[in-house]
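Residue numbers (our numbering), protein chains in the order written: chain U, 1 to 300; chain W, 1 to 104; chain L, 1 to 397.
Honestly, the hints are just simulated from the structure, not real lab data.
The C-beta atom is built at its ideal place from N, Cα and C for all residues, glycine as well.
Just so you know, not all the hints are guaranteed correct.
To be verified - Computed cross-link-like contacts, DSS-like style, restricted to lysine-lysine with a CA-CA straight-line distance of at most 27 angstroms: (1) U:272 <-> U:252; (2) U:3 <-> W:88; (3) W:88 <-> U:195; (4) U:252 <-> W:88; (5) W:88 <-> U:250; (6) W:99 <-> U:252; (7) L:258 <-> L:365; (8) W:59 <-> U:262.
Stated by the list, open to error - The following label-pair restraints were derived from C-beta to C-beta distances: (9) W:50 <-> U:149: 40 to 50 angstroms; (10) U:269 <-> W:19: 16 to 26 angstroms; (11) L:236 <-> U:136: 46 to 56 angstroms; (12) W:13 <-> U:90: 54 to 64 angstroms; (13) W:13 <-> L:197: 14 to 24 angstroms; (14) U:259 <-> W:38: 28 to 38 angstroms; (15) L:369 <-> U:133: 50 to 60 angstroms; (16) W:101 <-> U:269: 25 to 35 angstroms; (17) L:217 <-> U:149: 22 to 32 angstroms.
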Amino acid sequence: MAKIPEKELMRKGTTACPGCGAGHAMRYLLKAVGKDSIINIPACCWAVIPGVYPSRNLEIPLLYTAFETTGASSSGVRAALNAKGVDPREITVVGFAGDGGTADIGLQAFSGCVERGTDTIQVMYDNEAYMNTGIQRSGETPYGAWTTTTPVGSQKEWKKQPKKNMMEIAKAHGIPYAVTVSVGHPELMIEKIKKAKEIPGPKFVHIYAPCPTGWRSDPSNTIELAKLAVDSCVFPLYEIENGEYNIYKKPKEKTPVKEYLKLQGRFRHLPKEEVEKIQKNVDKEWELLLQKEKLMNDEE
Amino acid sequence: MSEEEEVFRIVVDPKDHRDLPRTVITDCPSDLMNKTGSWRTLRPIVDKDKCINCGICWKFCPDVSIHVKEDGAEVDYDFCKGCGICAKECPVDAIEMKKEEDYV
Amino acid sequence: MSEMKIVSGNYASAYGAKLSRAEVVAAYPITPQTEVVEKIASLVAEGEMDAEFIKVESEHSAMAASIAASNAGARAYTATSAHGLALMHELLMWASGARLPIVMTNINRAMGPPWSVWADHHDTLAQKGTGQLQFFCENNQEVLDSVIMAYKICEDEEIMLPAMIVEDAFILSHTKEPVEIYDQELVDDFLPPYDPDYKLDVDQPLGFGSLGMPDWYMDFRYKIFEAMEKVPEKVEEVNKEFEEVFGRDPGGLIEEYKTDGVDVLIVTMGSISSTSKDVIDELREEGHNIGLARLRTFRPFPVEKFRELIKDVNVVGVLDRNYTFGHGGDAAREIKDAIYGYHDPIVKDYIVGLGGRDLTPKILKNIMEDAISLQDKGLDEEIEWVDLKVNQERWRR
Numbered sequence: 001m002a003k004i005p006e007k008e009l010m011r012k013g014t015t016a017c018p019g020c021g022a023g024h025a026m027r028y029l030l031k032a033v034g035k036d037s038i039i040n041i042p043a044c045c046w047a048v049i050p051g052v053y054p055s056r057n058l059e060i061p062l063l064y065t066a067f068e069t070t071g072a073s074s075s076g077v078r079a080a081l082n083a084k085g086v087d088p089r090e091i092t093v094v095g096f097a098g099d100g101g102t103a104d105i106g107l108q109a110f111s112g113c114v115e116r117g118t119d120t121i122q123v124m125y126d127n128e129a130y131m132n133t134g135i136q137r138s139g140e141t142p143y144g145a146w147t148t149t150t151p152v153g154s155q156k157e158w159k160k161q162p163k164k165n166m167m168e169i170a171k172a173h174g175i176p177y178a179v180t181v182s183v184g185h186p187e188l189m190i191e192k193i194k195k196a197k198e199i200p201g202p203k204f205v206h207i208y209a210p211c212p213t214g215w216r217s218d219p220s221n222t223i224e225l226a227k228l229a230v231d232s233c234v235f236p237l238y239e240i241e242n243g244e245y246n247i248y249k250k251p252k253e254k255t256p257v258k259e260y261l262k263l264q265g266r267f268r269h270l271p272k273e274e275v276e277k278i279q280k281n282v283d284k285e286w287e288l289l290l291q292k293e294k295l296m297n298d299e300e
Numbered sequence: 001m002s003e004e005e006e007v008f009r010i011v012v013d014p015k016d017h018r019d020l021p022r023t024v025i026t027d028c029p030s031d032l033m034n035k036t037g038s039w040r041t042l043r044p045i046v047d048k049d050k051c052i053n054c055g056i057c058w059k060f061c062p063d064v065s066i067h068v069k070e071d072g073a074e075v076d077y078d079f080c081k082g083c084g085i086c087a088k089e090c091p092v093d094a095i096e097m098k099k100e101e102d103y104v
Numbered sequence: 001m002s003e004m005k006i007v008s009g010n011y012a013s014a015y016g017a018k019l020s021r022a023e024v025v026a027a028y029p030i031t032p033q034t035e036v037v038e039k040i041a042s043l044v045a046e047g048e049m050d051a052e053f054i055k056v057e058s059e060h061s062a063m064a065a066s067i068a069a070s071n072a073g074a075r076a077y078t079a080t081s082a083h084g085l086a087l088m089h090e091l092l093m094w095a096s097g098a099r100l101p102i103v104m105t106n107i108n109r110a111m112g113p114p115w116s117v118w119a120d121h122h123d124t125l126a127q128k129g130t131g132q133l134q135f136f137c138e139n140n141q142e143v144l145d146s147v148i149m150a151y152k153i154c155e156d157e158e159i160m161l162p163a164m165i166v167e168d169a170f171i172l173s174h175t176k177e178p179v180e181i182y183d184q185e186l187v188d189d190f191l192p193p194y195d196p197d198y199k200l201d202v203d204q205p206l207g208f209g210s211l212g213m214p215d216w217y218m219d220f221r222y223k224i225f226e227a228m229e230k231v232p233e234k235v236e237e238v239n240k241e242f243e244e245v246f247g248r249d250p251g252g253l254i255e256e257y258k259t260d261g262v263d264v265l266i267v268t269m270g271s272i273s274s275t276s277k278d279v280i281d282e283l284r285e286e287g288h289n290i291g292l293a294r295l296r297t298f299r300p301f302p303v304e305k306f307r308e309l310i311k312d313v314n315v316v317g318v319l320d321r322n323y324t325f326g327h328g329g330d331a332a333r334e335i336k337d338a339i340y341g342y343h344d345p346i347v348k349d350y351i352v353g354l355g356g357r358d359l360t361p362k363i364l365k366n367i368m369e370d371a372i373s374l375q376d377k378g379l380d381e382e383i384e385w386v387d388l389k390v391n392q393e394r395w396r397r
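Generate the whole structure from the sequences, applying the supplied hints.
Given below as structure tokens:
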């Protein structure tokens, strides 16, 4: 496994919360894509994290864009570069949006961008709710979570719907490469994003970025959570390359989901039966993923 | 021109609208504008004798505020927000989180 | 070599984009704009136009992609109509706030419900508060000329604002007229390549569009105000230059048709101006002292010019091909606003032609005769809806 590049393209003095997983996400992403990159950031935590006018935090050009538009904005930048005769392998165009800006309000633009075959890396840094506007539920909020719009209460109104599967949505577009990465495994994350960078066409990177503020977890636990999510198979690390699945890091021993849940206040209200339900579901999804991986390998 | 002045390519400390670019184009480095060290309630203290220079703290800091020097890890207290990740991830327990008020 | 072609307004728009050497075109089809998009696609496919055509999945994305491309230093062009324009609304505001010289053709079409694809100025005027320059065209030649002119005006470093060139649905978009397609070299001399001061550049990493606190936001807005105030002068300057290079006058701020010393002034926008001019001629032959002002630049509203024009006029009859849910039509309101405190003619607002309702010479003559009659009887009604089913007889006799 390669060492982490030393050069920093993210400066100090961000307004991110202490222990912010999105801070890790950007830092490692930039180490992977390098300085010859242009990044599009819609409304999300990262639209505010670089600071207010006149503050600049990144060492690459940053285009702030409207909430719904990451995919479209990325297409526009790539088209301009094409018009100027720039080879797509020379300058990387990145779309960097939260789960809202990718899976919900940004889904249309994401879909159009990927369907058109735009040469870009579309990144979803997933903190599992609309964090920048105050922890409201999103399509990526996991089952059982408290958010400000699923505030549990006496009516047990926690999030009832399952987490929207963006990897499958990306795959359904025939995307050349899609990968999940976790900030708890930066070497792997950087390796996979570097790989994505060299592939022509659209790529999707799903970063698991724990949010202490929204998850009601201790800021010091962000990396632990990012690792536990992988070890408990809540967030498996896998890639889909031209339709073929590859789980690139399998936990030696599956950690029980409750070890992951208990570090987060947003699951505190869940009774034992619900935790068991979650465990069953995680097991089912993991089995399904193993089968998908096997299916592709069997065909070879 | 000092290093600080050199990096202000568009605006040097804008005073009014005449100093502004045509739209909100930002170029002032965040580290010159926002010393986030003032946020701390807990501060990481590195025991340099225990430190093995593995670089894990540097790797996992979300604010690029701890660096590995020859004699051990060093915290940039101008920016460290006191999140405690470095202390939690250190494999040899060389970092302890202490109350900020004891050090100010 | 310049050549005369018989083309529709849609094709004229496409040729305008081609001659302007638009580098990125991001557009979504909507009736009756579809031929603009199709023509550009075919020009690109034939190697006649060197542009990146992004087949976006909605108008909102069309403007988003145009904004991104323009920020990256490319000359961006798009086209839409009615509901597509309305869908872009958020980003029309973004484009002006971001000070980007994006030029767009809008085909003036009625808003639904009821669904309509026909001519109406409501869609354009509903966006008048977005910081876009707005130019209303009378014929297809002007459509082509205006696209080229708009880039020249908008890319001026004192201006740097987006523009809308508007043409009436079907009447211009689909009707074929003779249009001179200029020699590319001539256009290249007039319109140099787009070269902004700052753009997305990996050698100079900047942020574009970050958060502005209350202590700075208003000052950025003031800069837009300053630019807008310079536009009328810039329009006249570029208009003059255009006339010198290409030999025709696209219309500037206001086209003054036989307005010298008139008692009655009719104000129109868009294609009805042509028919109206014929009726003006007829009425003048009958001895009436009447003229027509064709409002070509609606945003920014040419306040100074109007005040000058109206100085000795007794009656202003405004033909508003729009009802924007306020008290009457937009053009009449803007005119009254401009001349308040300066002059006090009778101003009557005629709401006409909504949803493609046809305006025949007969109806136009009845309107103008009504305006003339106000000199004796005074203002009867502030706002009058012309040629509704209920009053058809009165306006068609």
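Task: Broken hints, by number - done: As far as the earlier hints go, 3, 6, 10 and 12 are violated by this structure, in ascending order.
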